[in-house]
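Number of protein chains: 2
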Amino acid sequence: MRVALLSGGVGGARFARGLQAVLDPGGLTVIGNVGDDVEVLGLYVSPDLDSILYTLAELNDEERGWGRAGETWQALAAAAAWGGEDWFRLGDLDLGLHLVRTQGLRAGEPLSSVTARLAKAAGLATRILPATNDPLRTRVVTPAGTFGFQEWFVARRHQDEVDDVIFAGAGDATPAPAVLAALAEADAVVIAPSNPYVSIAPILAVEDIRLAIVGRAVPCVGVSPLVGGRAVKGPADRMLSRMAGGTTPRHLTDCYKGLIDALVIDHADAPAEADVPLIVTSTLMTDADAAATLARTVLESVS
Amino acid sequence: MRVALLSGGVGGARFARGLQAVLDPGGLTVIGNVGDDVEVLGLYVSPDLDSILYTLAELNDEERGWGRAGETWQALAAAAAWGGEDWFRLGDLDLGLHLVRTQGLRAGEPLSSVTARLAKAAGLATRILPATNDPLRTRVVTPAGTFGFQEWFVARRHQDEVDDVIFAGAGDATPAPAVLAALAEADAVVIAPSNPYVSIAPILAVEDIRLAIVGRAVPCVGVSPLVGGRAVKGPADRMLSRMAGGTTPRHLTDCYKGLIDALVIDHADAPAEADVPLIVTSTLMTDADAAATLARTVLESVS
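In the order they appear, the protein sequences are chains X and P.
Quick note on the working numbering: the first sequence kicks off at 34 and runs consecutively.
Quick note on the working numbering: the second sequence kicks off at 34 and runs consecutively.
This is chain X alone, in the form it adopts within the complex:
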């Protein structure tokens, strides 16, 4: 069985690891969000692709929830002492990846090619594809002004309420190579338990990706990032409350109108009603086993 997964960072990455564990090797293709990508200290950082890579390769720090296990912070401290920016936390191990990727990109290699190279170096059979190689950047409209995603999320600690989300460059963005083929060849499309506004929407903002899913011949199922109406991590619940008017399953399915055939929700959000069937299970991925169990439930729903 082949699955194409649309995913943001940490939560999506954990779910991807669950899918990777239950599918045959090579059965999973992850299409990752690049709207969060940011240049820091002259390096091209792709936080969601990196969370996916690190988690699938089991290099991630489970406790901190992001970045690599065994991370140290010497380079960033030194850079700060020399007057460099240190608002975005780049660890030493993490820097190794950013250096290699940035060197490739500056030499003219597309992001998808660099990403494939990194996944191969990690020994992964799973494919990781950026949604697009084009510069698509998420910008957040708040009462305090409009900010680049990371400026809002990291520098301003996502404290500003969000009125709208803009995807700069989306109009000119085309899917990265292999993205449309992966969607066409998949036996199922899955939307990971990621933030619908700033993790999944930037992927769907690439028109040809959205159209491919709208016109899909196979089931597409979403997994809710909410448990009891609250985001497991991050501001998804606050954003849904303000922009959609609530955090019930229906508020979430409204984000994916015409795109999903079912939504997997947690027991804590049931009973509920929506325009598509709701599949109730435990969605909290407390460990790799829980993620695999959730993945199995999701796959059963589309088999």
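These are calculated hints, taken from the structure and not from any lab test.
Remember, it's a predicted structure, so these values are computed and weren't measured experimentally.
There may be inaccurate statements among the hints.
[What the hints assert, rightly or not] When the alpha-carbon atoms are kept at most 20 Å apart in a straight line, the in silico DMTMM-like pairs for lysine to aspartate or glutamate are as follows:
1) X:153 to X:91
2) P:266 to P:96
3) P:153 to P:142
4) X:266 to X:95
5) P:290 to P:270
6) P:153 to X:118
7) X:153 to X:142
8) P:153 to X:119
9) X:153 to P:270
10) P:290 to P:322
11) X:290 to X:197
12) X:153 to P:118
Given the structure of chain X, go ahead and fit chain P onto it with the hints provided.
Frame of chain X, contents of chain P only:
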């Protein structure tokens, strides 16, 4: 008293620290070699300027002889695991500097300006100037072929004998801002105990710097990098033997014809004769005190 010092990396940097210790704050301007500069993992690395900066700021690793004290190597190991180059040893602390410098250069800031910013961040009163902001690169002609300096020095462990040294770009290189003024305003010019072929010659390859020293109105004294005809560190002795025919003080003064009024040599190389007066002292800079004592002797010779 104001001194302009021409310097390469480690040995020159130690001597610069000695001068800094005995001169009034701000009395020293170091004009550093940039012929060794190299791009590694997409970062602009300037090994000699960095050795000077680290040593003057007392951040250097005395035991290893290069780089920073307390250095770690996580980023480089990670980069290598992702398929990145690791032939050139870049530590995590060191990377912090390279990131800040590379970001400045890519934004269009000249090397001299970035270097001044770094020296200021380290709290130095001593000025550090690159010989030139232009791309001047040392290339080494050997029986095995012609190599970029770091390829020969680091990757090939400077095992190839050297028949000639070329300074690519020197013909178009002009002195960095403040270099000619520093030479004009100095009460003395000093050539550090650095390799004459690959540390000092690339500085003198900038025609206007050479002409300024040729036409100097103040004394210029050189300090020998040899003790008993052997280089304290590096291949200076092998290069002198092969290209100049020997390692006596005269072989060294021949490298600086018309440029120095005296050469400071070690007891182990005396007695000797040359076309300029030889000042005999202990040149081995075993610690900061020894470097300061040597600096004092050099300054007395030009007072």
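Next on the checklist: Under the constraints set out in the numbered hints, which ones does this structure not fulfil?
Outcome noted: Hints 9, 10 not satisfied by this model.
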